[in-house]
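*Asks:* Chain by chain, the residues run as shown.
Number of protein chains: 2
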Amino acid sequence: MDPNMDPNRPSEFALIAKLFAPLAQAPGAFGLSDDAAVVPTRAGHEIVVTTDALVEGVHFLADDPPETIAAKALRVNLSDLAAKGAEPAGYFLALSLPARLDMAWLTAFARGLGANGEAFAVPLLGGDTTSTPGPLTLAITALGYVPVGAMIRRSGARVGDGVFVSGTVGDAGGGLEILTARRPGGEGAQYLVSRYRCPTPRLRLGRALRGVATAALDVSDGLIADLWHIADCSGVRICVEAARIPLSPPLRARWGETEAAILRAATAGDDYELAFTAPDASAVLAAAAAAGVGVVQIGTVEAGAGVVVVGKNGNLTVSRAGYTHF
Amino acid sequence: MDPNMDPNRPSEFALIAKLFAPLAQAPGAFGLSDDAAVVPTRAGHEIVVTTDALVEGVHFLADDPPETIAAKALRVNLSDLAAKGAEPAGYFLALSLPARLDMAWLTAFARGLGANGEAFAVPLLGGDTTSTPGPLTLAITALGYVPVGAMIRRSGARVGDGVFVSGTVGDAGGGLEILTARRPGGEGAQYLVSRYRCPTPRLRLGRALRGVATAALDVSDGLIADLWHIADCSGVRICVEAARIPLSPPLRARWGETEAAILRAATAGDDYELAFTAPDASAVLAAAAAAGVGVVQIGTVEAGAGVVVVGKNGNLTVSRAGYTHF
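For the protein sequence lines, the chains are A and B, in the order given. Taking this note's numbering, the leading residue of the first sequence gets 21, the next gets one more, and so forth. Taking this note's numbering, the leading residue of the second sequence gets 21, the next gets one more, and so forth.
Watch out, some of these pointers could steer you wrong.
Which residues of chain B face chain A? A few of them, derived with a C-beta cut under 8 Å, are [claimed, not checked]: (1) Pro60; (2) Val69; (3) Asp72; (4) Phe112; (5) Thr150; (6) Ala159; (7) Arg174; (8) Thr188; (9) Leu237; (10) Asp238; (11) Cys253; (12) Val328.
No lab work stands behind these hints: they were computed from the structure. All figures in this text were calculated on a predicted structure; none of them were measured in a lab. Don't be surprised by glycine CBs; every beta carbon is placed ideally from N, CA and C.
Can you build the whole structure from these sequences, using the hints too?
*Replies:* Here it is as structure tokens:
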């Protein structure tokens, strides 16, 4: 977090470094005063690294509260670590900051980032702040530990495995719909909005799935599109029963319980639930119980390619990017 | 490099992942097909991590060639690793892409990134591509190895150490002046522009300085401002002789050899040379010779605070951010 990286706003950036320093308690972060951080290694483990950028107007809304922008940026990266079975070590933040965001905004953002880091026991290790003439852009790189060889890949699904998903899907899509005012809120609106703004990385579940899941990822593009990634990477077909796809009561109250509503939820994206395959359903349920997260089996892995969704009256046509109901 | 992260441009992003996949030959990169990468650990070593964001119009110019934008983004991050004495392990790229940049631009960018990665034997390990309504924004996170405890900090300078800098300073400032046409080129223009667009990370020198340098950083803000960082972090005063600050022949031809020219060069920034302190000048010269890089002593570390620049007729007034000549 070099306070003078950007020649245009040096004194403000020194203040920003001070704002973020309390988030950087790990010894290797050097209080954000150095050019780089040291991440200690752990015997028998390797480092898992993921990076995700979030852009205002693309991944969050310009008038989202700074606390939830911080929460989402950190949580979607932790969600990637969760899906890989990794235990977070820390994260780096590259912040490109429009001039209109003042110290009050930044203070709230740092507070949100700090609270979320504490909630998941993941320290800020370093970063970079620069000005931008464009929209607020956050790139977070998160690091975690897994035992050597234990990272859960996308490519390990095998014919005969069950297909599982944690929590419920579509809630974030409902929340986004409320926020963009295409349809105003109502009962359950707050829950759905919080699922859009503040996803829950399934870190305990991911770790419990080491050695249990054969393939896993977190649902960001939409359940169907993400299962398609597993099918592609694993060279298998994934067959899902529409009726088993889990929708929350607030979303069912809003979108209904038809197959169209279920497919809409399964293609909405931004869920950050874990979708995974595993041969032993009882081991999955034990892992879910240990992690305190609901998990349901929604389908099976078959020979072939792509994703098939089975409805009441046969297969539904589902493309990679969306769906057509007939 | 999730090809479908951004719902607005999924098919283009799948193409982008294909463009970048050849850069990701490391086993732990999984051909950019997974959510995360695995960075192997190395016995007796720890991981050094740095991140720097570059924004169009702030850190590079909108009409810079895509190859040199890629080169600079990677090299400034490698330069941070160099300053810390680290050996690069790989890097991650978060790319926020305006719609106007087409596949031809991206192909050239990927080619530049690949060529520079090869030049420094550093693989792409993963990344993320998203669209942005704003300027091109690149956040690179670079990882490297150092023996446990061997990272060269900013905070180790001790009274009596010599103060050193590699190469020459101010060249990038001259190059930027040419590119922004405040003053057209001339003899040596190409050299100065290349120093702005394509800095050289002093990786071999940085490694050779392990156990030799007591404090180090790479010059990005300007030599004086960066020495100020070392003085602050180390709790010392750094005293520099203006006449010893190394300027290249092309820059001397352009800006002259007055003390004003020297101070201008020492506050221009973007040099990505190493500035460091060390108690043993002969060990420094041996390290420089081993690395094949010119290094000169420009001053000494004293008790006190801040940076003092000594001119022909006494101390020059130099502030943290710039300078006043009297």
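*Asks:* Each of the hints needs a verdict: does it hold here or not?
*Replies:* Structure-based check of all given hints:
1. Pro60: Interface hint status for proline 60 of chain B: holds (6 Å vs cutoff 8 Å).
2. Val69: Holds, about 5 Å.
3. Asp72: holds, 5 Å
4. Phe112: holds, 4 Å
5. Thr150: holds, 5 Å
6. Ala159: Hint holds; alanine 159 of chain B Cβ to chain A Cβ min 3 Å, cut 8 Å.
7. Arg174: holds, 5 Å
8. Thr188: violated, 20 Å
9. Leu237: holds, 5 Å
10. Asp238: With Cβ-Cβ at 7 Å, under 8 Å, it holds.
11. Cys253: Since the shortest Cβ distance to chain A is 6 Å, the answer is holds.
12. Val328: violated, 19 Å
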